[in-house]
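Colleague: So you can see what is in the structure, the chains are spelled out below.
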Amino acid sequence: MKITYPPFGDARIAIESFLRDFGHEVIPPPPSTNRTLSIGVKYAPEFACLPLKITLGNYIESIEKGADTILMLGGIGPCRFGYYAEVQRRILKDLGYDMDWIVLDLSNGWMNLFRSIKKIVNGNSVIKVIKALRLAWEKVLALDKIEKISRKARPFERYKGEVDNIVRETHKKLDQAGSISQVRQVLSEYRETMDSIIDEDSLEELVKIGIVGEFYVVLDHFTNFEIARRLGELGVWAENAFYIEDIVRIYLPLFRNKDIEERTRVALPYIKRSVGGEGQRTVAHTIEFAERGFDGVIHLSPFTCMPEIVAEGILERVSKDYDIPVLTLSIDEQTGLAGITTRIEAFIDMLKTKKRRRMAG
Amino acid sequence: MKRFLGIDVGSVSTDIAVIDESGNLIVGLYLRTAGDPIKAVRDGLFKIKSQFGSDLKIDGVGVTGSARFLIGAVVGADVIKNEITAHAVAGLHYNPKVQTIIEIGGQDSKIIIIRDGIVVDFAMNSVCAAGTGSFLDHQAQRLGIPIEEFGDVALRSHKPVRIAGRCTVFAESDMIHKQQLGHKREDILFGLCEALVRNYLSNVGRGKEILPPILFQGGVAANKGIKVAFERALGTEIIVPPYFSLMGAIGAGLLAQEANIKESKFKGFDITEQDITTKGFECRGCSNLCEITNVFIEGKLVARLGGRCGKWEDLDYTSSL
Chain Y
9 MKITYPPFGD ARIAIESFLR DFGHEVIPPP PSTNRTLSIG VKYAPEFACL
59 PLKITLGNYI ESIEKGADTI LMLGGIGPCR FGYYAEVQRR ILKDLGYDMD
109 WIVLDLSNGW MNLFRSIKKI VNGNSVIKVI KALRLAWEKV LALDKIEKIS
159 RKARPFERYK GEVDNIVRET HKKLDQAGSI SQVRQVLSEY RETMDSIIDE
209 DSLEELVKIG IVGEFYVVLD HFTNFEIARR LGELGVWAEN AFYIEDIVRI
259 YLPLFRNKDI EERTRVALPY IKRSVGGEGQ RTVAHTIEFA ERGFDGVIHL
309 SPFTCMPEIV AEGILERVSK DYDIPVLTLS IDEQTGLAGI TTRIEAFIDM
359 LKTKKRRRMA G
Chain P
304 MKRFLGIDVG SVSTDIAVID ESGNLIVGLY LRTAGDPIKA VRDGLFKIKS
354 QFGSDLKIDG VGVTGSARFL IGAVVGADVI KNEITAHAVA GLHYNPKVQT
404 IIEIGGQDSK IIIIRDGIVV DFAMNSVCAA GTGSFLDHQA QRLGIPIEEF
454 GDVALRSHKP VRIAGRCTVF AESDMIHKQQ LGHKREDILF GLCEALVRNY
504 LSNVGRGKEI LPPILFQGGV AANKGIKVAF ERALGTEIIV PPYFSLMGAI
554 GAGLLAQEAN IKESKFKGFD ITEQDITTKG FECRGCSNLC EITNVFIEGK
604 LVARLGGRCG KWEDLDYTSS L
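Order-wise, the sequence lines are chains Y and P.
Heads up: the first sequence is residues 9 to 369, going by this note's numbering.
Heads up: the second sequence is residues 304 to 624, going by this note's numbering.
In silico DSS-like links for lysine-lysine, alpha-carbon gap of 30 Å or less:
#, chain 1, residue 1, chain 2, residue 2
1, P, K614, Y, K216
2, Y, K360, P, K511
3, Y, K156, P, K614
4, P, K511, Y, K216
5, Y, K363, P, K565
6, Y, K10, Y, K181
7, P, K487, P, K527
8, P, K400, Y, K362
9, P, K400, Y, K360
10, Y, K168, P, K614
11, Y, K360, P, K614
12, P, K568, P, K360
13, P, K565, Y, K168
14, P, K305, Y, K362
15, P, K570, Y, K168
Computed Cβ-Cβ distance ranges for the label pairs, DEER-style:
#, chain 1, residue 1, chain 2, residue 2, range
16, P, E324, Y, R365, 20 to 26 Å
17, Y, F263, P, G510, 37 to 43 Å
18, Y, P39, P, K342, 34 to 40 Å
19, P, E452, Y, E213, 50 to 56 Å
20, Y, L141, P, Q410, 49 to 55 Å
Derived from the structure by calculation, the hints contain no laboratory data.
Even for Gly, the Cβ is constructed at its ideal location relative to N, Cα and C.
Go ahead and model the full structure; you've got the sequences and the hints to work with.
Modeller: The structure is reproduced here in structure tokens:
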């Protein structure tokens, strides 16, 4: 069994080492490039959302590297995402790729789920499973911390690409870390390096932006045109509304906790129930950023994503009520980088001028 | 007297302005980009050079527009800024009380909302270029009317026809349909103006509080038909600044002036006579596969654009070429 998986953002590092621990031969999907996107766009239905197209491209590139098994989530909801596995399975089948799918389908009865989990577990003992899960979880938490700290450091980097280089090296070490203590060691070394870059006294003067929206577009650097790096280079401290940990907690019941629902409550005056995907959460997170005194919010939405379209309409009101500027960027394969760059730059110029005026009194 | 050069390189036109330190226009040029931004800028600078001589001192250069990074590298820009900021700065300089700027150019249309002298909101056309200059150009051509006379002809209309303006292709079929029904040319033209304004207000201007004073900038502001259609739709006066088509360039010049530059990076007017070439390659240093563009002046590498990391910014770096 040569297994591959749909990558999103840095989560790939945790997923890969987790599968490796169970003795699987892992074929990591090659990093997404324009080629990945072109392949996905070519074979996916035109109106499918961008994440389906990109992950389809990822699968095909992994298949070219020898993968024969795909691990994926599936089932009912949270939006069209629930159908991805089945749609992608059929597309690949039509293309002549008869893959073995391990779909963690949370809505199709425990027996089904159990069979999938059994395949992943690969005959390992319960103790080994728990150990691997704990290590993968530690890596998820570390990845999130690395990302968060990099956002703070980028506005202060001494030369272009400095932070990216350090992050890349740290990811490599994290991938190799075989125990929780090694993970912590990697993280503390990283922290130390970053502390020497970050100018704590000037943090307050930075324009702060919150990023909200659909989880794949928010977390996958290739898909969102590396928005965090772009903002950092413009001297902006950008925080996400959520990182990998939150997405695992939202979509895998085993990790679910109360905070997720609790955080959504602030959206209730505007939107009473879930509209699928991150729609309701997008509204909640925007309010959260406004209340935390952020200067602006960037809302990322894959083109044709219904939950985010609903949220976009509501954000106009939230923006007025809470006096927080919101820039919605709708992203798909047709999106031009020039248009995104111009909008982001203009948005930042606007926030900087406002902030300067406010700080001047 | 200090002089600042502002360049706005857009999809359709390239505008160049030289302003003095108070923002007064010394010379302004409006040229067609015609798919070759470097040539357009060289032609423009050549004209300025012929008029003022090559020792005209420039104290700062600002570049805006979609080709701002390339042209910024070619001319040696001190400030490289997006079009929205440039237009806002120029609009505010012309009328400090302005609250709304409508800007319609070759392929872009924007709205900028200003309160108390600062930008508080903006929007750009997102999915479609209906209602921008290129479309008007095309329709004028099809009806055999020089684009310069479009507005005057449209204003002769007494009974404008309703044209479907949501999409340029459908607008065109609808116009043809109305022609076949025997409607007058001016009625169709003004109908088109109204359709474009409707489209602008419901897309770009959606949800925005459009308050006077309203400035109308960009090449399309030359079209009196569109101006009148905006006035009727909004029920208020629309101000078209005298240098409406140069506002982006003037804004870029003003940004250079505000930047307090000690010594400009401007490469001088000599570049109009030098050989400028570009050559692209794909960097295979990592999975990003950046498209790097090398810019050469007289065969000498002067800039590299397009890299996401810093390594190509060091011009001596050649390892994995």
